[in-house]
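Enquirer: Sequence:
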Amino acid sequence: AGGEGGRITFYGTREFASLGAHRGMQLSYRDDLESLSFTLSFLASGSLPWSRDFEMSDIAARKAQAGLECMWGGEAPPRLAGGGCPLRSLLEHARSLREGDMPDYAYCRELFEGAYRRLTGSRGGGVPERGGGGQHMGC
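Per the working numbering, the sequence shown starts with residue 189, numbered consecutively.
FYI, nobody ran anything at the bench for these hints, they're computed from the structure. One should not assume that every hint holds.
[Stated by the list, open to error] Ranges of calculated distance between the beta carbons of each label pair, as one might list FRET restraints: (1) 199 to 234: 38 to 48 Å; (2) 307 to 249: 32 to 42 Å; (3) 280 to 307: 19 to 29 Å; (4) 199 to 309: 38 to 48 Å; (5) 308 to 198: 36 to 46 Å; (6) 309 to 212: 45 to 55 Å; (7) 246 to 197: 18 to 28 Å; (8) 301 to 217: 36 to 46 Å; (9) 289 to 201: 35 to 45 Å; (10) 245 to 308: 41 to 51 Å; (11) 280 to 234: 19 to 29 Å; (12) 197 to 284: 19 to 29 Å.
Cβ atoms here follow ideal geometry from the backbone N, Cα and C, with glycine treated the same way.
My request is simple: use the sequences and hints to build the entire structure.
Expert: This is how it looks when you write it as structure tokens:
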């Protein structure tokens, strides 16, 4: 559905929506990955830094900051800190895409398979379809 001035009407949950959604842009694969990174960050940490912001513009401004550390005001929750965090890498990959670019899904899958192997000590195949629960993502 269109909005005024060619802007797209906002759809989605504001806490998990991509910057493109906040800006009323036509959404693409990059927005899906960005939203996924916010959702997984919430599941890993229990909150998002903008969860208490009530104005859409405040939420969008906080999301516009670059990496996961910036998302948490310079101090990422311990499970989300560090260079090997698949959530940070997923967000960076999403934000590196131009409109219409296809994500590198093999790269995205490898991020989480690597985290799974680090957590479980597994050297075998990929991530099982249904996990054992209780483990976080290696962040």
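Enquirer: Please write out, lowest number first, the hints stated earlier that are contradicted by the structure.
Expert: 1, 8 and 9
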